[in-house]
Amino acid sequence: MNFLGLIIAVATFLVIGVFHPIVIKSEYHLGTRCWWVFLVAGIAFIVASLFVQNDVLSPILGVVGCSCLWSILELFEQKKRVERGWFPMNPKRKDEYQLKPHK
3 MNFLGLIIAV ATFLVIGVFH PIVIKSEYHL GTRCWWVFLV AGIAFIVASL
53 FVQNDVLSPI LGVVGCSCLW SILELFEQKK RVERGWFPMN PKRKDEYQLK
103 PHK
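In our numbering, each number is its position in the sequence shown, counted from 1, plus 2.
Mixed in with the good hints there might be a few duds.
[Unchecked claim] Each computed DSS-like pair below joins lysine-lysine, with the alpha-carbon atoms no more than 25 Å apart:
1. K94 x K81
2. K96 x K82
3. K94 x K82
[Said to hold, decoys possible] What follows is a set of in silico ranges between Cβ atoms, one per label pair, in the way DEER data are often shown:
4. G87 x N56: 40 to 50 Å
5. N4 x Q100: 46 to 56 Å
6. L75 x L101: 40 to 50 Å
7. E79 x L16: 37 to 47 Å
8. Y30 x F5: 31 to 41 Å
9. F15 x Q100: 32 to 42 Å
10. W72 x I9: 40 to 50 Å
11. L41 x K82: 38 to 48 Å
It should be emphasised that the hints constitute simulated quantities derived from the structure, not laboratory data.
Glycine included, C-beta positions come from ideal geometry on N, C-alpha and C.
Put together the whole structure using the sequences plus the hints.
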């Protein structure tokens with residue numbers, strides 16, 4: 003039996019699950035100004051995936067890299083979710099949000 007696909011699928015699921023709270027915490031503590039960290043990390047992981055010869059590690063590095071890049075979009079979406087009141091706002095940075103009045 004070949005477990006390669008299952009291993010990569012489980013790793014992908016775990017990576018996506020880990021990135022969800024990373025984006026939430028990053029936006030809470032740093033705001034959207036940390037987007038470039040996700041960009042640099044994403045490019046680095048994708049480039050690394052091109053040079054790794056291991057059949058399991060290479061696609062996992064690619065998934066991590068793409069998840070980093072997708073997190074840039076999610077970081078800005080998270081800011082909108084905070085402005086809508088769906089997630090807690092960092093009171094130290096409340097001047098960075100365009101809060102919508104409650105109806």
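Hints and how they fare:
Between K94 and K81 the CA atoms are separated by roughly 14 Å; this keeps the pair inside 25 Å, and the hint holds. Between K96 and K82 the alpha-carbon distance is near 13 Å, which keeps this suggested pair within the 25 Å criterion. The hinted pair formed by K94 and K82 meets the criterion: a straight-line CA distance of about 17 Å does not exceed 25 Å. In this structure the hint that G87 and N56 lie 40 to 50 Å apart at CB holds, the actual value being about 45 Å.
One distance hint, 46 to 56 Å for the beta-carbon pair N4 and Q100, holds here, with the actual separation near 51 Å. Remark: the range hint 40 to 50 Å for L75 to L101 is contradicted by a beta-carbon distance near 22 Å. At roughly 21 Å, the beta carbons of E79 and L16 sit outside the given window of 37 to 47 Å. At roughly 38 Å, the beta-carbon separation of Y30 and F5 lies within the given 31 to 41 Å, and the hint holds.
Taking the beta carbon of each, F15 and Q100 are about 34 Å apart, inside 32 to 42 Å as hinted. Between W72 and I9 the beta carbons are some 21 Å apart, a value that contradicts the proposed interval 40 to 50 Å. Checked against the hint of 38 to 48 Å, the C-beta distance between L41 and K82 comes to roughly 20 Å, which is inconsistent with it.
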